[in-house]
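> With the sequences and hints as input, model every part of the structure.
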Amino acid sequence: MSEEGYVEPTPIQELSIPHLMNGRDMIGIAQTGTGKTAAFILPILHNMSESYKAPRPRFPKVLVLAPTRELAAQIGDSFSTYGKFTRFKHTVVFGGVGQMPQVKALSKGVDSLVATPGRLLDLMEQGHVNLSSVEYFVLDEADRMLDMGFINDVYKIVDLLPQKRQSLFFSATMSPEISKLARKLLSNPAHVEVTPQATTVERIDQFIFFVDSEDKNELLLHLLRGKHLECVLIFTRTKHRANKVTEMLNKNNIPAGAIHGNKSQTHRTKTLQSFKTGELRVLVATDIAARGIDIEDISHVINYDLPNIPESYVHRIGRTARAGADGTAYSFCAADERDFLRDIEELTNMEIEVAEHNYHSEKARNATGDAARPAPKKQRGRKATPGNKGRGRGRKADGKGKDKDKGSRGNAESKSRGGDVRGKKGASSGRSGDSRSKNAGSKGKPSGSKSGNKTGRSGNSNTGQGRNKGGKRSGQNSGRSGNRK
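Numbered per my numbering, the sequence shown spans residues 6 to 490.
In short, the hints are calculated from the structure, not lab data. Certain hints may be false.
[As the list claims (entries may be wrong)] With a cut-off of at most 27 Å between alpha-carbon atoms, the simulated DSSO-like pairs for lysine-lysine come out as follows:
| hint | residue 1 | residue 2 |
| --- | --- | --- |
| 1 | Lys109 | Lys94 |
| 2 | Lys66 | Lys89 |
| 3 | Lys109 | Lys89 |
| 4 | Lys66 | Lys169 |
| 5 | Lys109 | Lys161 |
| 6 | Lys275 | Lys256 |
| 7 | Lys89 | Lys256 |
| 8 | Lys94 | Lys66 |
[Said to hold, decoys possible] With beta-carbon atoms standing in for the labels, derived distance ranges:
| hint | residue 1 | residue 2 | range |
| --- | --- | --- | --- |
| 9 | Asn193 | Asn363 | 36 to 44 Å |
| 10 | Lys275 | Asn371 | 37 to 45 Å |
| 11 | Glu13 | Leu165 | 36 to 44 Å |
| 12 | Pro16 | Asp82 | 16 to 24 Å |
| 13 | Pro167 | Asn27 | 29 to 37 Å |
None of these values were measured; they are calculated from a predicted model. Glycine is no exception: its CB is placed at the ideal position from the N, C-alpha and C atoms.
Following this line, the structure appears as structure tokens:
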């Protein structure tokens, strides 16, 4: 702990660790970036060290389930860090890469296993893992497990765990389905909640940019050409759009890389490392691929597309303002995303400040009815024009390939012009405003008065794909329009 520079615990650690040291099951409601990984790893390592026995091959004592490869790898790194001066062994298993190194590690015996559900079930079916000796079970980001369609896999895994165990359950939200899962997993659990659910982080300045779809690229270039945006994470709703935005940025001499479910794990790891070291100034990601990204110095989050699930907005902007720092979130809103913005503002109980700029679109700002949401599926593909191509839900994945932890696929493109950014107060509800302020070039954000821009944090997010008996994955749908990534 001293080597890592830890002086005092975070709120989630302070509230959780005493319960876990006493052997209680626990529900923890906390967003990523709050220190929850250390909150469960440290007491587990401490308790196991008091009566340590070398692990048997294929029989882990600790199982941690994570929804994405990136988050699983991050948790594995934390086991390495916190267990550095102990005898504990761990390994991480996930899809998208060859399984032989994972099988080899399991055959040698590990104390702790961090896994994504699909790959774990595959290895269990092949006889490489047996869960009958698990003493500690951790389900991390349970809400994302549900969103990605892994809930049935989780139930299958839980059914194979021994009854006598300590179970820890972490989620950013508690929907009825999540509560049902918690009741199945836990016995007389302690309940720890460090922040109100579905509220945005206090230290993040948030701005909305009403813009036509065809102008998004040029607006993005204008913002990124400002020297104040140094380490930027951009979110898109589809993999295809992530590729297009990345290609456009690189053509304009802005170093950028993309991560999403269609990229290999090797590519994703290399791209993340390049972003961390500053070789890439911009990282473009879909929601699922970005889950588990923990980079402390992200200065800005830009929502190139608004998420079609409002809780995803909270998760997205929470990638900035980490570890006590401040951050800024810019969100582009075209006419057919206007209902998404209304949902976000209703969820967060705030009116996001509107940034005035040379690409401002009153059409987007005042859109209502059918114009305020993506075109119905039956209309997609007819008379495509720049700015309305490929909106809506993505195509189903075909289930091919090695990666069992991917989401769905979709399509979208945009094109653009150029201009200047200022701030304007309080117009995101559709009202016109006439107060203007200084140019956005200072301090990395549009200037202008703020309206109700600071609250708490948390939230839920996107839909991916589940796992059926044949090994393929089928999409889950929350009922909202738009691509799910």
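> Does the Cβ distance between Lys275 and Asn371 fall inside 37 to 45 Å?
holds (44 Å)
> Is the hinted pair Lys109 and Lys94 satisfied, with a Cα-Cα distance of at most 27 Å?
At roughly 13 Å apart (the allowed maximum being 27 Å), Lys94 and Lys109 satisfy the hint.
> Taking the Cβ atom of Asn193 and the Cβ atom of Asn363, is their distance within the range 36 to 44 Å?
violated (59 Å)
> Keeping to a limit of 27 Å between CA atoms, is the pair of Lys109 and Lys161 held or broken?
holds (24 Å)
> Can you let me know if the beta-carbon spacing of Pro16 and Asp82 is within 16 to 24 Å?
Holds, since Pro16 and Asp82 (Cβ atoms, about 22 Å apart) stay within the stated range.
> Look at the Cβ atoms of Pro167 and Asn27 and judge whether their distance stays inside 29 to 37 Å.
violated (20 Å)
> That 36 to 44 Å hint for Glu13 and Leu165 (C-beta), does it hold up?
holds (39 Å)
> Could you grab the alpha-carbon distance between Lys66 and Lys169 and see if it respects the 27 Å cut-off?
holds (12 Å)
> Does Lys94 pair with Lys66 here, judged by a C-alpha cut-off of 27 Å?
The hint holds at about 10 Å.
> Given the hint that Lys89 pairs with Lys256, does the C-alpha gap stay at or below 27 Å?
It is violated: about 43 Å lies between the C-alpha atoms, which goes past 27 Å.
> Tell me if the straight-line CA distance from Lys275 to Lys256 falls inside 27 Å.
Holds, at about 20 Å.
> Within a Cα-Cα threshold of 27 Å, do Lys66 and Lys89 meet the stated pairing?
The hint holds at about 18 Å.
This entry does not satisfy hints 7, 9, 13, going by the numbered hints stated previously.
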